[in-house]
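Chemist: Below, each chain spelled out in residue letters.
4 protein chains.
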Amino acid sequence: MKPAITIGAFAFALAALPLSAAVSFALFTAMLPPAAAQGNEKALIEDLVAANHILVDQAVLDAYGHVSVRNPANPQHFFMGRNLAPALVTAADVVAYDMDGNAINAKPGFTHFLERFIHAEIYNARADVNAVVHSHSMVVIPFANTPIQLRPMFHVSSFLSPNVPVFDIRKAVGGPTNMLVGNAAIGKALAETIGQNSVALMRGHGEVVVAPTIALVVFRAVYTDANARMQAQAIASGAPIVFLDAEEAAAANKVVDQVHGRAWELWKRKVSGQ
Amino acid sequence: MKPAITIGAFAFALAALPLSAAVSFALFTAMLPPAAAQGNEKALIEDLVAANHILVDQAVLDAYGHVSVRNPANPQHFFMGRNLAPALVTAADVVAYDMDGNAINAKPGFTHFLERFIHAEIYNARADVNAVVHSHSMVVIPFANTPIQLRPMFHVSSFLSPNVPVFDIRKAVGGPTNMLVGNAAIGKALAETIGQNSVALMRGHGEVVVAPTIALVVFRAVYTDANARMQAQAIASGAPIVFLDAEEAAAANKVVDQVHGRAWELWKRKVSGQ
Amino acid sequence: MKPAITIGAFAFALAALPLSAAVSFALFTAMLPPAAAQGNEKALIEDLVAANHILVDQAVLDAYGHVSVRNPANPQHFFMGRNLAPALVTAADVVAYDMDGNAINAKPGFTHFLERFIHAEIYNARADVNAVVHSHSMVVIPFANTPIQLRPMFHVSSFLSPNVPVFDIRKAVGGPTNMLVGNAAIGKALAETIGQNSVALMRGHGEVVVAPTIALVVFRAVYTDANARMQAQAIASGAPIVFLDAEEAAAANKVVDQVHGRAWELWKRKVSGQ
Amino acid sequence: MKPAITIGAFAFALAALPLSAAVSFALFTAMLPPAAAQGNEKALIEDLVAANHILVDQAVLDAYGHVSVRNPANPQHFFMGRNLAPALVTAADVVAYDMDGNAINAKPGFTHFLERFIHAEIYNARADVNAVVHSHSMVVIPFANTPIQLRPMFHVSSFLSPNVPVFDIRKAVGGPTNMLVGNAAIGKALAETIGQNSVALMRGHGEVVVAPTIALVVFRAVYTDANARMQAQAIASGAPIVFLDAEEAAAANKVVDQVHGRAWELWKRKVSGQ
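Residue numbers (my numbering), protein chains in the order written: chain A, 13 to 286; chain B, 13 to 286; chain C, 13 to 286; chain D, 13 to 286.
One or more of the hints may lead you astray.
When chains are identical, the list treats them as one kind, so a pair holds in a single copy or across two.
Claimed, not checked - Here are the simulated DSS-like cross-link-like pairs (lysine-lysine), alpha carbons at most 30 Å apart as the crow flies:
no., residue 1, residue 2
1, K183, K119
2, K282, K183
3, K266, K119
4, K200, K282
5, K183, K54
6, K200, K280
7, K280, K183
8, K119, K280
9, K266, K54
10, K266, K183
Calculated from the structure, these hints are not laboratory results.
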């Protein structure tokens, strides 16, 4: 649903609320003429499909895991593939969900990811986040299950600073579970754990990666894996490791914001067979 | 051979014996009209062939190793490829064996796996098992040769709980051997070692993986490998590792029973060239 | 620009200056008739393009990193691809730069690598170097971030002797940065660090590899990676490691100078689809 | 050159000399009618070419390394590719050498491997060996450079028993070298080091693998790599490792002699595009 927002109301909103650039962008696109917005939505869903295929091609996702993107025309909705292996997702499989995890106008026969609450609750908690990846990345899970902190090994993974928190579902729920973020309460606890960070690990399960755009969330997921591999190699050497410090990481992260598109475009070309 | 079972006898059997769901299923399919049973058998053998190719594609099997499935029409028989590299198995290579490891109606020129006793003796000991994989998986053998216990690193490998026993053929036989499970006595000792578990390692040799269906045995074999890789990475860090505890694993295993089909279908598509 | 050099002036130059063989070669090619020199330039640029593709195929480069070659017709210029993923570089994307990092006759719309100063300042400092690779090689970065010295594990990586220095940009600049070699001053500091060696690591960033030809710089980059993998495996064993000593490495390096062409030709065939 | 051996002389030779089965076979084939022997030679050279391609496909060889086979028609000669990357070898590139490393009837323009003395001196020292592989296998070199002994992790690599000696060229020569086995004296020292074993490592260089047939030498090279990977993973865990003991290995090796053909045939199919 496209909210009716007058210029005045928009100005008031800008003045009255601390809005991140991403939310500004969301409101901006909400004001677009219908045709352009529909064109934007089609391109966005194509990017979401590409993101699924890229993350499989880059070995971040296997038969499991999911990617979503907030609807710029309605920030209370997000798009995600229906319950399907990421490698098989097409535009026809993409469903809109609300922030309670309910499907909107889904086709009959479609089933939905048990863990859509990961996405819904992060979108609720983080106005700056417009794209989310949940994966069972196998090079990252060892870090989720040990006290070792994942930290930036190089400038390209600077977004891991300042912190990569670890979500332990047993602590969140207060007892044993089947490890799935299967309802809003657990989703909220996970969102609380990730705080303002880009990545959170999930003990005995995997990770969640967030970003303001699809391109950047895919980039972050791929390079979180790369960082985990490098850090594991360094750790196995037994030698002290120097990581990027907080200032270096913050500065490098601004560069990543500028240059990540090159990797995204290259990966898109690859999965589209060019 | 299809046993003649009247409804009354079936009811008596159900009442008188503690039957697992799998055996019930076996008896059920034994009652099917011949055409449907033959259709089932054809599909089952296609799945067995696919399982061979998937396990090669997923690097669980190389030129060696084998997969079998119990015959639902006659639980005293099982199907397995003849002595051939798994990558080369076709439906025409599949042979029926009895629980002594004898081939039934095999074609002339066919030779048989030396270690068919692994399968026969596990089917004898485990009424709940209808599919068996024997592999020389190289990421798992290091765990077979060291005292380190393979334990579930994430929810997807929850079936490793409660235990992954290690079979040492030297202890079983009481002296040196060529490491092969080459007769019924050694097969029985291996079946005794695996107990009620899903996976047993074989010191200096490989592993055996069991399940109620082909799809699940392939899933378990692939994710036993994945777990071994992750656990090896965590171990090399020297840090204490948190695994799924018994309650978490039992709960997660119920989810695996529900969702493993997605991976199986994806892998089948891949090896069939789609 | 082709300098006008008479035979006499050439002889004087040879007599008066201590010229490395590479510079002699550069002067030599400067005297070639225009057609041959242009033919040489075309072949050189094709090799530069091939080098980009080989280094991606060999997993030394991903979406980032760059390769350059000094212009034999004008040693104050070097050729490099414009700001583009190495996998996508074609001859039309190759730009000539001067030693201040300025593009010469670049096409409109072309952007340039932020870190072209890595190449410019190394060409300035090293008359013997005619080809440079900058990569974010992920098996090498762990060595950049720990005190462990990269040393030759076998004869093929003998060029790592006598030393693989580590450049720490924080020390060079005297404070935090975004980790990029984004100006001539930082480039000079990196060139100073590499000294007369073939490879320098860059803490929290990657590496730079230099050589007198494209073929040899690609060879060195590929085998630096191979050496890093082998050394990491040896280090993880905890056992003492024997490396090539200085004399062995110097002798083996002469062989590498003779035989590296075989690998280069093989890799070129592979990326050209033969 | 086919030696003229009468039946009587053959009988005398058998009586007078302790001949291994392999030499008996060589003498036997020397007595074959010319056409059959030529047919055998053509098939042997095709297998030699396939061995090169398989070892590249299995990542044992890269642009470097070589495979040879003794000529069954003249055990004083062996066949090997000329100085060429193994991936590129065809039947037309195969040259016959004598035990001094001289080429016999080689084509003009052909150059020869600097290290052909590895092959010649092993054939001289080992009447039971008819095939030799020299590789720079990168998972094996860490074992060559540390005191850790390569030992059989499973039945398939039983041929590593009883011993995998390490050749150190510095000790053999009494001073620094370029690491190459570039003359008969060094070749003899390497042959002395390997003794009666199947594999010897070469410090700072690689390995040599020997066997009575091409199929078995390729099998041994591939599974030496596999064993090295498994053993490295076990070592990195820090836990005590149980290897096959000498009796187990000897018994398992008899099985390997029976079953290695299955892997060889599968690998041949793969490189021939089937």
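Chemist: Against each hint, give a clear statement of whether it holds in the structure.
Modeler: Evaluation of the provided hints:
{"no.": "1", "hint": "K183 / K119", "in the structure": "neither (37 Å within a copy, 59 Å between copies)"}
{"no.": "2", "hint": "K282 / K183", "in the structure": "neither (41 Å within a copy, 39 Å between copies)"}
{"no.": "3", "hint": "K266 / K119", "in the structure": "between (41 Å within a copy, 27 Å between copies)"}
{"no.": "4", "hint": "K200 / K282", "in the structure": "neither (36 Å within a copy, 37 Å between copies)"}
{"no.": "5", "hint": "K183 / K54", "in the structure": "neither (41 Å within a copy, 49 Å between copies)"}
{"no.": "6", "hint": "K200 / K280", "in the structure": "neither (32 Å within a copy, 37 Å between copies)"}
{"no.": "7", "hint": "K280 / K183", "in the structure": "neither (39 Å within a copy, 38 Å between copies)"}
{"no.": "8", "hint": "K119 / K280", "in the structure": "both (28 Å within a copy, 26 Å between copies)"}
{"no.": "9", "hint": "K266 / K54", "in the structure": "within (29 Å within a copy, 38 Å between copies)"}
{"no.": "10", "hint": "K266 / K183", "in the structure": "between (35 Å within a copy, 21 Å between copies)"}
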